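Once you've looked at the hints, go ahead and assemble the two chains, each given alone in its own frame, into the complex.
If you read the protein sequences in the order shown, they are chains D and V.
Its first residue numbered 1, the first sequence is counted upward by one per residue in our numbering.
Its first residue numbered 1, the second sequence is counted upward by one per residue in our numbering.
None of these hints come from the bench; they were simulated from the model.
Treat each hint with caution, since some may be false.
Taking lysine-lysine pairs in the BS3-like style, the calculated list, with each CA pair at most 30 angstroms apart, reads [what the hints assert, rightly or not]:
1) K190(D) to K205(D)
2) K187(D) to K55(V)
3) K205(D) to K187(D)
4) K55(V) to K86(D)
5) K71(V) to K100(V)
6) K54(D) to K205(D)
7) K86(D) to K54(D)
8) K79(V) to K190(D)
9) K71(V) to K86(D)
10) K86(D) to K215(D)
11) K205(D) to K215(D)
12) K245(D) to K215(D)
13) K71(V) to K55(V)
14) K245(D) to K380(D)
15) K71(V) to K190(D)
Per the computed footprint, the stretches of chain D lying under chain V, defined by three or more beta-carbons under 8 angstroms from a beta-carbon of chain V, are [what the hints assert, rightly or not]:
16) 110-117
17) 303-314
Far from chain D by the CB rule (all over 12 angstroms, computed), these chain V residues [claimed, not checked]:
18) G23
19) A31
20) D32
21) R35
22) H37
23) L44
24) T48
25) L53
26) N60
27) D82
28) Y84
29) R90
30) H96
31) E99
Keep in mind that this is a model prediction, so the values were computed, not measured.
Beta carbons: idealized from backbone N, C-alpha and C, even for Gly.
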Amino acid sequence: MSKRKNVYRLPPCPLYDAACMERWLTDMAAAGLHLDADDPFPFLVGPARFVRGKPEAVRYRMDAQPKPKGFLFDTVPDEEQLALAKSLGWTYVFTRGGFSCYRSDCPGAPELHTDRAVQAYSVKKLEQAMRPNWFLLFYWLLLYPLMLFKTPLRNLIRMGSWLLLPLFAVVALSLGVSIRQAICLRKMRKGLETGINPTQNTDWKRSARWYRLQKLAVAATLVTMFVLAAFRVCGDRASLPDRRKPLEDFPGPVPFATLETLIFDGSYAQSPAFDRHSNSFARWSDLLAPVAIRWSEEGVVRLPDETDYRIQLHLDYYQARWPFVARLLAEECSGSEWDSGLSILIRKWKRQNHPPEQFPLEVDYAAAFFDPFPGVVLQKGSTVIRATFYTWNYHESSLPAFSQLQLAEGLASRMP
Amino acid sequence: MPTHSMENLTESMFYVLMAFQTGSMCGVDVADFVRRHTGGRVILGPATLYTVLAKFQAENYIRELSADGRKRTYCMTQKGMDAYQNELERLRACLHDAEKGAVL
Chain D
1 MSKRKNVYRL PPCPLYDAAC MERWLTDMAA AGLHLDADDP FPFLVGPARF
51 VRGKPEAVRY RMDAQPKPKG FLFDTVPDEE QLALAKSLGW TYVFTRGGFS
101 CYRSDCPGAP ELHTDRAVQA YSVKKLEQAM RPNWFLLFYW LLLYPLMLFK
151 TPLRNLIRMG SWLLLPLFAV VALSLGVSIR QAICLRKMRK GLETGINPTQ
201 NTDWKRSARW YRLQKLAVAA TLVTMFVLAA FRVCGDRASL PDRRKPLEDF
251 PGPVPFATLE TLIFDGSYAQ SPAFDRHSNS FARWSDLLAP VAIRWSEEGV
301 VRLPDETDYR IQLHLDYYQA RWPFVARLLA EECSGSEWDS GLSILIRKWK
351 RQNHPPEQFP LEVDYAAAFF DPFPGVVLQK GSTVIRATFY TWNYHESSLP
401 AFSQLQLAEG LASRMP
Chain V
1 MPTHSMENLT ESMFYVLMAF QTGSMCGVDV ADFVRRHTGG RVILGPATLY
51 TVLAKFQAEN YIRELSADGR KRTYCMTQKG MDAYQNELER LRACLHDAEK
101 GAVL
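Extracted from the complex, chain V is given alone in its bound form (with noise of 0.2 angstroms):
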């Protein structure tokens, strides 16, 4: 858990990133899509998703494309995208050094 408040991605976070990966997509399609994927496991509730996309919106991560009516939908910026590789390769040596412990 972070000492601050948003310094490192979380959890939650990290799957937002995840789900704008593979398109754009509004709110609800994130939060299931989060669902989904992490078969249930990891589900996002409305008020996180929310500050989640709030803040991404704010730090140029996700811009938004279009909104219709009640919907709407955000993309990825390149920024986001490097946010979430950088996270990927810190969970992967995460993963890496424990795997090598674990052979140890």
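Isolated chain D (complex conformation) (with noise of 0.2 angstroms):
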């Protein structure tokens, strides 16, 4: 019976911690399996690829490369320094994560470092040049989100806030995985500074379990947030349609004031839908807003005089979880559709230091904005209405006596 040529571990560590993963290798070695120096992607995500072959003393190490070109791309031994290296019986099998791997099966050879204070110099330009990383990591994963998604409140009770907690698990996750990589090799480095040998006294059996739960639970993490965020995509297109129902449908009573309720001169008309999304409604539910309501209304009014204008009205309604998660909500809403999740951070700085000044009605909170129709927002409790109108005729741009204000105010009477 043959045996598989290749076979697949995971490793007990991470690149960085170079004096367990020589050892790991080394014992890996002994075993009999060797890493494969054929792998064209070498400990990029998984497990560690070895050929299966004879027991043999072969030492592996991992020299830090003192410029590694950015976050993804290491900078390779140049081919004087891999001849070097293979003069003095050292064999290159690959680079990843700012440390280049070497190994030796002549018990005879130098060591790759023979001088600790070299040493501890080259991990500490490796510490350098990975600073840059960490501040790259920080921006991308949280400021770059911040600054590109759009109302994020808004979207997330959207998409989903359960999306948030894998999310966060992530990067939480690569944080701290950019920290413990900094120890390490702040660790290492004095460590060699003080003349310490890196190998000695490393047992990789001690850390490997937990290491690997962790790998893992990382991996279900990622799996398991891109199964669901693909589901909720998929989810969504066939469902959207199907999501959005006429008005005449909504069940029970109507928690909001609609147009009918808010026109107070003349006579109203509800239009018949030109397509799926006038006159109709989605509901739904989520874990920071159990109500989430999307009104969207046209029709006709007209006035005493006998003239016809046509309105529309926009209108997202939220009964959140708690009114502090409404308050942020309202917040968020009171710009535009197309804000970012800074330009509302730094609205929300000028507002604490300017207040507006709001509409004098019986709620928590009310502002008005043109987005780039009139709107309002208001917020009593843990309930949230935002709202956007528009109305026109032939003669005339807007429609007289319907203001903010008045449909502030129409819409404060009935909320809770």
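Take a look at the structure:
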């Protein structure tokens, strides 16, 4: 019976824990498993690839590369360096994560590093070279989504705030790995500077189980997140047309004022729907907002002087789980749909320093905006309403006596 | 052993500068020189040698003369020469002190 040529093993430690990695690879070689030098993506993700062979006494060494090119790209040692290593009995295997791996099965070969102070210097250079990567990581994982993500809380409620949990997990894990890497490199450098042999007293078996469990947890979290996201995206595509229903199908009483109750002068008649989005509603539930309704209504107002105006109302209604979420949502909603998370934070800061004039209404928060049509945001307790409207006819640009204030008063009067 | 990496010249760094005292050479030549000159007592590991060369280049102790395929040749600068002389003086002083102590 022939055994498989290639076998895969999960590493017991990260690459930057060089001493542990060296000891593990050496122990694997002693057990007849030799790291596959032909693996095109060694240690990129998941398990490492080994070739089954005879048990041999092989030394593996991880050499810090002082000039990594960036987050994903490493500097491979130049040909002269490789030739010299070869002439001294060391074979280059791979470079990843700022470390180059060499192996030697020649007992008489000198150590890859024969001067600990010099080795400490190369680790220090690696630490310095990796600092910008941590800033980049912080930027891409925290700042960039904040700047890019339009109206984050509203979108979160729309997409499903449960997505936040795996997202936070990924961000926390990535930052955690970076911090651990910094600590590990610093510890290694300090040890070398005081003359300690880094591989001395290193037992990879001690941390292996915990590290592998961590890796599996990260992989499971990522897979779960992507599956859920894919499911959500596909689910949304399939269900959005169905989720939008005609207004007359709304179950029970509508918990906010609609055009019929908002029009004070003249009569109102709902128009027949142009498409599935006009005169329709969508109702869903989320962890942060158990009741969320998107309401689109369109009709014709006939004033006492027989003038007809078309009018449209787009309203988002949220019954948040907690009042502070409602307040955050209201503050976020008081700007343009295209605001980024960062501009919302800036606006909040400005508002704290220069409070805007608010409507004199019996609500906890009220604000007016243009997006580009006039709109208002109201918050009372856990309830948030964001409404935009526009009116037109063939003669006038807007309906007289239907202002933002009138809309706000009408909506506030029906808030619980 | 220095408390901070590369604060002083270490033994291997000193021998690398000593090699360049004799003329321009490439990394392999430096390794050979040090091994022969010390009778095999000091052997430079490949990673140590290239880290030292990179450091010396950054410190302007040596500069690259030519690159011929996989072989790069370096020569010592005046700054490197001064560093070598300073270290030599320090070691001579150490030796002198030690010999004085032995007589007493």
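Structure versus earlier hints - violations, ascending order:
Numbers 5, 10, 12, 15, 17, 19, 20, 21, 23, 24 and 25 - these are the hints that the structure violates, sorted from lowest upward.
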